[in-house]
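Chains as they are written, first to last, in our numbering: chain D, 1 to 286; chain S, 1 to 806.
Just so you know, not all the hints are guaranteed correct.
Taking lysine-lysine and the DSS-like style, the derived pairs with C-alpha atoms no more than 25 angstroms apart in a straight line are [to be verified]: (1) 42(D) - 474(S); (2) 189(D) - 99(S); (3) 189(D) - 721(S).
Short, incomplete list of chain S residues facing chain D, as computed with Cβ under 8 angstroms [unchecked claim]: (4) 91; (5) 175; (6) 299; (7) 560; (8) 722.
None of these hints come from the bench; they were simulated from the model. Quick caveat, the model's predicted, so the values are computed rather than measured. Think of the CB as a built atom: it goes at the ideal place given N, C-alpha and C, for glycine as much as any other residue.
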Amino acid sequence: MIPAGFEYHRPTDVASAIEILKTHGDEARVVAGGHSLIPMMKLRMADLAHLIDLQDIEGLKGIEIGAETVSIGAMVTQHELITHAGLSEALPIIREAALQIADPQVRYLGTVGGNVANGDPGNDMPGLMQCLDATYVIEGAEGSRTVSARDFYQSAYFTAREDDEILTRIEIPRLPAGTGYAYEKQKRKIGDYATAACGALVTMQGGTCTAASVAMTNLSDTPVWSEEAGAALVGTSCGPDAVAAAVAASLAAINPTQDNRGPVEFKRHVAGVIIRRAIEGAVARA
Amino acid sequence: MKDAVDTPETRSAGLKGMGCARKRVEDVRFTQGKGNYVDDIQLDGMLFGDFVRSPYAHARVISINAEAALALPGVVAVLTAADLAPLGLHWMPTLAGDKQMVLADGKVLFQGQEVAYVIAEDRYIAADAVELVEVEYEELPVVVDPFKALEPDAPILREDIAGNMEGAHGPRRHDNHIFTWEQGDKDATEAVLAEADVVAEEMIYYHRTHPCPLETCGCVASMDKVTGKLTLWGTFQAPHAVRTVAALISGIAEHNIRVISPDIGGGFGNKVGVYPGYVCSIVGSIVTGKPVKWIEDRMENLMSTAFARDYWMRGKIAATKEGKITGLWCHTTADHGGFDACADPTKFPAGFMNICTGSYDIPVAYLAVDGVYTNKAPGGVAYRCSFRVTEAAYFIERMIEVLAIKLNMDAAELRRINFIRADQFPYQSALGWEYDSGDYHTAWDKALKAVDYAGLRAEQAQRIEDFKAGKTRKLMGIGLTHFTEIVGAGPVKNCDILGLGMFDSCEIRIHPTGSAIARLGTISQGQGHATTFAQIIASEIGIPADDITLEEGDTDTAPYGLGTYGSRSTPVAGAATAMAARKIRAKAQMIAAYLLEVHDDDVEFDIDRFVVKGAPERFKTMKEIAFAAYNQAIPGLEPGLEAVSYYDPPNMTYPFGAYICVADVDVDTGEVGIRSFYALDDCGTRINPMIIEGQVHGGLTEALAIALGQEIAYDDMGNVKTGTLMDFFLPTAWETPNYTTDHTVTPSPHHPIGAKGVGESPNVGGVPAFSNAVHDAFRPFGLTQSHMPHDHWRVWQTANKLGLHG
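Turn these sequences into a full structure, and let the hints steer you where they fit.
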């Protein structure tokens, strides 16, 4: 469990980090909290000559609560997501989800940017960001561009980010009044990835659902946002039939695989339970 | 020195002797990060060893090319079997009478097996060099199923002993067969089964798992070529035995070997055995002339050093229609992996599995165990239990439940009518043990009352109604266990490991000012020996426990003993401690009598002093006596005040307990929530109630892990599927339920202070209690047996098979 040798870089601005990335190509990787990359290096499954630590880049930090949008720097830790009062008020589902990631020690180091950018289907934040319809700000040598979280994930560990780009911020639209939320996750133990997890947002006005968003974690090789699940709820009172239709739509969108957590039929069954709990939880809070 | 104002109560309390919830003295350094573990040892010029390990479970080693590794700056040597062969060290004897490859000799038999040993100037270079060693393998057919291993056309795993049909424990009937061990009366048992009112039969599998201590195994070997002395620091649960075995294997004279176990971060049986890392490090130090350190990483620990369990136990239990058990039959297929490296007393190749009649008065029984080779890691250690006792307890406590189902009886009542009665002790069991003491009915009734057993059953009945009515998706299970352990191995007449008798020892020296040092043949890995053994001495000779230093683990200073495992420290070394203290007290009595100018028989011991009978104002404290022992010429007595005792126990001890677990089982997610857990332990005399409670909490948590998810699983190719803590379940505070502890006290009649040992009871009793709770939840829906671990998907699968998903 000792990694191969590597050069350690610690730039203080994004431009310098991108420059190092460009210089060394696929021999270089950026590291944020390190909870995915460092174990892979220790297992020698990731072998890179240059490691670029982003922790001294001030521009990647901070949470800004705007009137329309919440902006979260890529290096914001999960611990900060949990303890930031303004964020908890504006988007309480983020706190609820972050509290279900691993344990406090991991959350002190683990960052939201690393969590969403790595493309690990087990990570919770990608599904959550799809649920929230977040936009990722990505910077490269040519400047900055944005990609919707819902378009970012291609397959496990493959994303719309190029090797010489850095995901720097996450922009999340604020939610209308009357929006309920829930993030439900089943896991074997603390520190494990989800057997099944689901984030749900449901906006109710006058007893009728006007908007809904459902996204799932670790049930396919990418996070899964189900447009059909939301559509099944909108225009209804979110009674049992509508919820059942939304769950069915969600299950139609997933493609779980067998692993040590269990076989496919078990995961699909659990997913049905977790998705329903998330939707019902969101409806109850709306 | 005259403290006549003190009452007997304050004098006694000041000793912090037996019965006192004394705080652990070890924790001062542990909680401040000031422990001294083997990886903390730094020596001048120290080198680091690291293994090249097999990625295959069964393969021929065609060639090993170390050129590129040796060319890496900082690499000192690369050892292979070919290098060890001239020394006769490419194989080593196991504790079970088998032999094991130190480094792959022509083939590998399990994934993670040691193939080559790289020695480098630091551990980073060593890790790089491991990657550069090129090994060519030819894959061979893999056998991971012990039943398939015994089929006629199964691949022969151990070619080194192919055709040799006489093993260490009798005849072998197949090249992959290790031994058959039989106990009890086969014919009489089968006759009872044939004529019984009721026979329940079931296969009970206790899956393979691993002790997984927080600190992995490791050592530092330092051969001083000038003095010819070898010093070996390591994570050894039995340092003295390691010294003797090292002398026998290496040919180095035993007086030239010093073995030191420093602080150890948990053992649980993982650190009893001798591993290739130790042998290679010793050879490495001899070859290089420098100290060599070897420390396992977590994956190496889980994959290669000492698994536990892996017993397939087919049982038949016979009873009258009223539920009185008339006979018990058990055939076990024991998966030992590629080498038989089980850590059992020599005469017990399946450990004390013959305690499988449990707490019950079973008139006739038969046990047969077949040991089998497979392409899995060797080990078979007693993970927080005495040798195979947790397997035995799980077997009988499941069979009782299976019988209760067959009889349509309440499982608590079935246990009650079959318990050995208090007046039957000492009790001769059908499988050969003499249970020293017990009062099972008292413990059982206390436990049932404490949890309101009738109330729980009524609540469960309501829950079943609610479930059937669609009001809930959670079932409720009540897990019962009454276990009996056999610990404290053991009497030298029938207990030895590699010929080393299983006595233990204590040496006590009283200093002139009345403080003391005691040294034992055991070694704490977290048990708190420095706290509890001082309490025994405090009560026995009246010196405050705070004034007693306790040392273990250095073979140059401590008396010889067989170490700490199988709950043997208190039953054996604890007895030696009391006996050594009593020798000191006897001499102190003579000194006191001389000082008080009376006859020896005219003084008597009183807490911390000897007083003249009938004249309590005339006394000498132990402090005064100690000073006089060294500094006053006493006719007929040598100066000094010290003693050593080697204790050969007359019998094992038999701790027991009653555990009741209440669980809520979600049939849709498979989650098992532990609502409550009541643990009543009877470990005889209680030395430190706080340490007992801590031991019970720790053991129950390991039991929870085993029952609900902790396993070493292999795929069909022999790949370890659970080789990291991502998949291997190690509970944290979050997964750990609240426990309620309780006790009864039935002292051991043959132990000097009546103590029986407690550290392993909660694992032995906890596993069946958790497992029975899961089973009990599904009993109304037709479940008889489902194998552990009861993780989410397996529980879901049980519910699914029972048709509970609609």
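Here is what the structure says about each hint:
The straight-line distance between the Cα atoms of residue 42(D) and residue 474(S) is roughly 42 angstroms, outside the 25 angstroms bound, and the hint therefore fails. Distance check on the hinted pair: residue 189(D) and residue 99(S) sit about 39 angstroms apart at the alpha-carbon level, beyond 25 angstroms; violated. Only pairs whose Cα atoms come within 25 angstroms are accepted, and residue 189(D) paired with residue 721(S) is accepted, the gap being roughly 17 angstroms. For residue 91(S), the interface hint is violated, the least distance from its beta-carbon to any beta-carbon of chain D being 28 angstroms, above 8 angstroms.
With its C-beta approaching chain D no nearer than about 33 angstroms, residue 175(S) sits outside the 8 angstroms limit, and its interface hint is violated. Taking 8 angstroms as the C-beta contact cut-off toward chain D, the hint placing residue 299(S) at the interface holds, the least distance being around 7 angstroms. The criterion of a C-beta within 8 angstroms of any C-beta in chain D is not met by residue 560(S), whose closest approach is roughly 37 angstroms, and the hint is violated. Hint status for residue 722(S): holds, given a least beta-carbon distance of 7 angstroms to chain D, under 8 angstroms.
Checked against the numbered hints above, the structure violates hints 1, 2, 4, 5, 7; every other hint is satisfied.
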